[in-house]
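Undergrad: In full-length UniProt numbering, the protein residues as written are 1 to 448.
Hints were generated in silico from the structure; no laboratory data involved. Since we're looking at a predicted model, the values are computed, not measured. Do not take every clue at face value.
Derived lysine-lysine pairs resembling BS3-like cross-links, with alpha carbons at most 25 Å apart [said to hold, decoys possible]:
(1) K300 / K281
(2) K161 / K270
(3) K432 / K373
(4) K281 / K52
(5) K281 / K309
(6) K309 / K292
(7) K229 / K250
(8) K202 / K161
(9) K281 / K229
(10) K339 / K411
(11) K411 / K281
(12) K423 / K309
(13) K309 / K339
(14) K133 / K52
(15) K229 / K66
(16) K411 / K309
(17) K202 / K250
(18) K52 / K130
(19) K270 / K281
(20) K373 / K309
(21) K130 / K21
(22) K229 / K161
(23) K134 / K52
(24) K21 / K250
(25) K229 / K292
(26) K130 / K161
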Amino acid sequence: MYTQILPVQSTAQLIPPYSLKLSDYSTATLDRIFLNILLIDIVEPTIQVRLKMYIENTAGLSIQNKNLVVGASPIILEGGIPTRLTNLDLRPYFELNNLQGITPQQYNTTLPEGLYRFCFEVYDNISGKKISKKDCTTVYMVLNDPPLLNLPSRDEQIAVKNPQNIFFTWTPRHLNATNVEYEFTLKELWDTNTDPQTDFLKSPPLYQTTIRATALLYGPAETQLLPNKTYGWRVKAYVDDGISKTSVFKNDGYSEIYHFVYTDTCEEPKYVLAESEGVTKENITWQVSDHKQYQVEYRKKGSQNEWFKGNTTRNTVTIYDLEPGTTYEYRVGGQCMSKGSYVYSTTSNFTTTIATTDDETSNYNCGIQPDIKITNQEPLASLDLGKSFTAGDFDVTLQEISGGNGVFSGKGYITVPYIRGAKIIVDFSNVKINTEYQLIEGVVYTSK
Numbered sequence: 001m002y003t004q005i006l007p008v009q010s011t012a013q014l015i016p017p018y019s020l021k022l023s024d025y026s027t028a029t030l031d032r033i034f035l036n037i038l039l040i041d042i043v044e045p046t047i048q049v050r051l052k053m054y055i056e057n058t059a060g061l062s063i064q065n066k067n068l069v070v071g072a073s074p075i076i077l078e079g080g081i082p083t084r085l086t087n088l089d090l091r092p093y094f095e096l097n098n099l100q101g102i103t104p105q106q107y108n109t110t111l112p113e114g115l116y117r118f119c120f121e122v123y124d125n126i127s128g129k130k131i132s133k134k135d136c137t138t139v140y141m142v143l144n145d146p147p148l149l150n151l152p153s154r155d156e157q158i159a160v161k162n163p164q165n166i167f168f169t170w171t172p173r174h175l176n177a178t179n180v181e182y183e184f185t186l187k188e189l190w191d192t193n194t195d196p197q198t199d200f201l202k203s204p205p206l207y208q209t210t211i212r213a214t215a216l217l218y219g220p221a222e223t224q225l226l227p228n229k230t231y232g233w234r235v236k237a238y239v240d241d242g243i244s245k246t247s248v249f250k251n252d253g254y255s256e257i258y259h260f261v262y263t264d265t266c267e268e269p270k271y272v273l274a275e276s277e278g279v280t281k282e283n284i285t286w287q288v289s290d291h292k293q294y295q296v297e298y299r300k301k302g303s304q305n306e307w308f309k310g311n312t313t314r315n316t317v318t319i320y321d322l323e324p325g326t327t328y329e330y331r332v333g334g335q336c337m338s339k340g341s342y343v344y345s346t347t348s349n350f351t352t353t354i355a356t357t358d359d360e361t362s363n364y365n366c367g368i369q370p371d372i373k374i375t376n377q378e379p380l381a382s383l384d385l386g387k388s389f390t391a392g393d394f395d396v397t398l399q400e401i402s403g404g405n406g407v408f409s410g411k412g413y414i415t416v417p418y419i420r421g422a423k424i425i426v427d428f429s430n431v432k433i434n435t436e437y438q439l440i441e442g443v444v445y446t447s448k
């Protein structure tokens with residue numbers, strides 16, 4: 001049994017980002033697809049050929065060219081000399097009038113995400129005989145997520161500053177897109193009785209610009225914002241390299257819409273400082289003002305995670321269970337009205353100490369009963385989230401807390417250093433805690 005050797009070889013290649021809109025491939029000015037063709041039969045000096053293209057996905061979509069491709073230029077192959085076709089040469093093969101298996105509506109909108117095969121066959125233009133195998137390139141085509149807005153957060157209050165200075169940041173979430181630009185839009189929201197999302201869509205832009213960075217400083221040179229007015233903002237991501245600006249992002253590249261109040265009636269906390277309390281603890285302090293309550297937010301620098309938050313009525317919060325030798329970003333918000341929004345300080349950074357063999361975590365010995373003597377019996381008046389108390393030789397970090405005057409109930413977790421810092425959820429009911437944050441009566445149980 002002999003395998004037939006066909007005289008032409010072809011190899012296709014798609015260039016990311018992959019557009020899910022077929023009309024892009026018929027209008028793109030930059031290279032999006034290549035087809036290399038080689039006539040390996042050097043006995044035949046030249047041959048005129050035509051192509052047939054197939055586009056298939058795993059969901060059953062099957063698109064192919066008609067037998068006659070209107071507008072396609074003749075392709076002349078010379079023996080032993082490779083011919084390279086780009087999307088400029090292949091444009092007619094992607095035009096709607098030359099395709100079957102797709103409707104006009106499908107052609108002008110994005111196709112479903114998934115695994116696609118782009119295949120080509122080569123035919124002798126005179127005899128109509130197929131002279132190559134069906135060569136395919138397989139790509140996974142997906143729409144990228146739009147940017148995730150960071151600061152200012154939704155419904156935040158921003159204190160008026162002189163000179164004007166507001167820092168906007170967002171996180172990109174695209175995977176297969178390059179040359180991404182961002183259109184930043186800021187609007188004043190006039191109608192306070194409607195939903196801010198709706199009001200934003202019907203309001204004219206106050207300020208709009210396009211940048212490649214993922215942060216924007218709105219300074220004194222930009223349009224001045226008015227005190228005690230509400231403003232909305234969003235970011236649109238798009239690729240500007242010859243394909244449609246909306247064909248590689250979900251929601252046409254638009255992020256969510258965030259809004260904030262530019263207020264002169266509530267000041268941000270001042271003199272915010274971070275002080276190391278060991279390799280896994282950091283103490284945050286600030287100057288007390290006329291705020292009802294404070295909120296500390298922190299997270300690893302550069303991460304896309306949500307902010308960890310802790311509330312208090314005091315001027316200090318200790319953050320526990322941090323990673324040694326790691327940089328975190330943090331800020332402190334002040335609340336001027338009960339159930340009102342927070343006005344935050346500028347985001348700052350701290351870096352935890354690098355762990356050494358002399359750290360306290362190396363001194364734990366599994367199975368040895370701790371020798372702890374407690375002489376302080378004075379009850380602790382109140383206990384806030386973000387704090388911790390010691391039960392034996394473990395710190396209990398609080399997640400829920402109620403009670404007072406020395407008697408508390410709630411939930412939290414302990415970190416066990418000798419099992420790689422594993423966190424174990426615990427709960428407690430009507431335990432007694434002294435002013436040194438020590439458990440003096442009651443039991444802390446591991447949660448079931």
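Undergrad: Compare the structure with the hints numbered earlier in the document and write down the numbers of the violated ones, lowest to highest.
TA: 4, 7, 8, 9, 15, 20, 21 and 26
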